[in-house]
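Enquirer: Protein chains in written order, with the working numbering: chain A, 1 to 345; chain B, 1 to 130.
Please note: incorrect hints may appear among the correct ones.
What the hints assert, rightly or not - Using 25 Å as the maximum straight-line C-alpha spacing, the simulated DSS-like pairs for lysine-lysine come out as follows: (1) A:203 <-> A:170; (2) A:320 <-> B:118; (3) A:26 <-> B:118; (4) B:118 <-> B:106; (5) A:14 <-> A:26.
None of these hints come from the bench; they were simulated from the model.
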Amino acid sequence: MPRKTATPDEVGAKLTAFLKRSHNAKSVRVDDVRLLTGGASRQTWSFDATIEHADGRSETLALIARADQRQTVGMMTRDAEYRLLEAAHAEGVPVPRVHLMGDDSLGAPFFLMERVDGETIARRILRDDEYEGARQKMTAQLGEILAAVHRVSIERHGLANDLAGPLAGKSPAESELQRIEGTFRSIAPEPHPAFELAIRWLKARRPASGEPTLVHGDYRLGNLIIGPEGVRSVLDWELAHVGDPMEDLAWLCVRSWRFGNDQLPVAGVGQREDLFRAYEAAGGRQVDAAAVHWWEVFGNLRWGVFCIMQARAYLDGLSKSVELATIGRRTAETEWELLNLMESA
Amino acid sequence: MQDRPSYDELLAAVEHFLDTEIVPNVPGSRGFHARVAANAIRIVRRELSGEEEHLAAEWSGLDAILGPAERPAGREELRSALRERNEVLSALIRGGDADDGETARKVFEHVQRTVRDKLTVSDPALLERS
């Protein structure tokens, strides 16, 4: 059954009490509580908090609460996401600054982070005049930022236990393909011959890879906050893992993330060569274009399986969202792109 | 036999209502979901108009790969038989029988045709850009 989401007033009252306790504040006022995204299990709340500290100092913070209604198996915990955001910030990746790790006051794990202003809606970023300057700069910026993501040391930041990595004795490519194939076989309500062809193609061409790095895992338009001056912040680290850095470069180029700007493979704003050049110049790993191509084919398969997964949440009655229901029909666009990529290879 | 308006005419009325009354007047995520809902109506209308032809084409494409079989008459039976035949095709691909040669070409072209038919329903604009 779909779970009832807490009302903004209920969440606001709980956050007020939590902030008052955590800051040992004289008073706290929470305003403008809004649910930004509410999945079946995970929610993002936006609010403003005015905190009057014990020393009389007062400040107003623009904050985001990331909460789990229930823990989903295989999903990154909020605690791990919090530590990952801290580590990424320390390495110079533009991310929202974390504010406080939560407790049990929302009845589910959560943390608070800074709310970064800007635009996340792809259609506006790609079409509005306001972002013309940003579009010119984004390809290079996205390469530079990714170089910083891949520099985040798993060991030094103690993230090894938080992140999934390659299976024992297997390369990142082999491991990720095995995982996505397993997911596909366990959730797809019907057969998909196009995915069978793609899996066969991918298995025959797995790239060797160098030293694994931190991989963001969902680095694309929609998960980036953009201002008129360019990229402000990288969001949505829940799919981060240890793997092949080429995976992130390729995912950014998956056709669905071009939102109609098909001729500009990098997020609908730029060319692959310019992305690769900026990435390498900023200290990223040496780019293997053939491996990136393999990961782009893989990325289309992965997004196709994610479409099925989201439709499953509707089919299984976890959500009644019309968006989740219709996303099942987007699977065909990934099949089409897979066939195009296999045919042109 | 039902009276007019036909199912397509009724759905067109719902689509028009969402597009002209709801989408422009409802802000935020509810407006976005109204846009998605109007699009879902469009998908259903296109599917209903092309379904018979698409299912028949998929069946004869599978005949050419798996050998001819009698096509069930009812729509539900046809859907369920197509599903079973697609399981057989999937197993054939998994087993490596469509890796090369004539079978590979036939399978690829068949899959391409059925995916194109799916897109004429779910996202014809994407096909026009291809």
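Enquirer: Just pull the numbers of the violated hints for me, sorted ascending.
Expert: The structure breaks only hint 3.
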